[in-house]
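Starting from the given sequences, assemble the full structure and let the hints guide the process.
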Amino acid sequence: MNDNIGAILIGIGVIFDVLGCLGLVRLPDVYNRLQAATKCVTLGTCLILIGVVVSAGWDAEPLMIKSLLCAFFIMLTSPVGAHALARGAYRSGVKMCDASVVDDYAGSEALEQYNKEVTLKSQPAAIQEQQHA
Amino acid sequence: MMGISSIILFALVLCAFMCLYRIGRGPSAPDRAMGIDILGTLIVAFTALIGLHTGKDWYLSIALAWALLSFIGAIALAKYLEGRAYDE
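Protein chains in written order, with our numbering: chain A, 1 to 133; chain B, 1001 to 1088.
Hints are computed from structural coordinates only; laboratory data are not their basis. The structure presented is a predicted model; accordingly, all values stated were derived computationally and were not measured. For every residue, glycine included, the Cβ atom is placed at its ideal position computed from N, Cα and C. Incorrect hints may have been included.
Unchecked claim - Calculated pairs, SDA-like style, for lysine to any residue (alpha carbon to alpha carbon, straight line, at most 20 Å):
#	chain 1	residue 1	chain 2	residue 2
1	A	39	A	26
2	A	116	B	1080
3	A	39	B	1032
4	A	116	A	87
5	B	1079	A	117
Said to hold, decoys possible - One-sided excerpt, in silico: chain B residues whose CB lies under 7 Å from chain A:
#	residue
6	1028
7	1031
8	1036
In structure tokens form, the structure reads like this:
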């Protein structure tokens, strides 16, 4: 009984993984690829790990507890990493694809503050170079 | 049972090759960083399945360490892309 439920969960998780990686190959843009791949692969991997938990059961206690912990950490860390990567991609100047219609971050206060910080940080170095010259 | 599990492992290897395609082809640096991140998550799933198949629990220790190291790598690459120092 438990084996069957675990096998079904693992199968659904593998389907999600394959679809996410298909999005990673097919979509036109960094941001599109990030959202497709991250959401699908996070859910798929969590379902696989929970399927391992269900099929291991209380007979293999260390396997079960470590797998549960692993699912918890994946669910916690993977979206944070993807969000940081998307922000890094935008601020390093990667363009969106031609079909995108809205970009709310372009004129926002957060981006202006970031640009101000970057120019403030690069200014003292320029002044020092002038003084040395 | 053997047939089903080998099909599942084959599908995960196929996903890993799709990630390798994106890492090799990716037009920009964030594409490659994202490919490495997704590949790490897939390897966690693969290792957990091997641990279930063989019944050895130290495979899950490898998966746990791999998940956390992959997260730290993604954060470091994002900081590098953003042009900031690592302690900000």
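Status of the hints after comparison with the structure:
1. A/39 - A/26: Distance of about 16 Å is within 20 Å: holds.
2. A/116 - B/1080: Between residue 116 of chain A and residue 1080 of chain B the Cα gap is close to 18 Å, so the pair holds against 20 Å.
3. A/39 - B/1032: Between residue 39 of chain A and residue 1032 of chain B the Cα gap is close to 17 Å, so the pair holds against 20 Å.
4. A/116 - A/87: 17 Å, holds
5. B/1079 - A/117: The given pair, whose Cα atoms are some 15 Å apart, holds under the 20 Å limit.
6. 1028: 5 Å, holds
7. 1031: Cβ of residue 1031 of chain B sits 6 Å from chain A, so the hint holds.
8. 1036: 10 Å, violated
The earlier numbered hint that this structure contradicts is number 8, and it is the only one.
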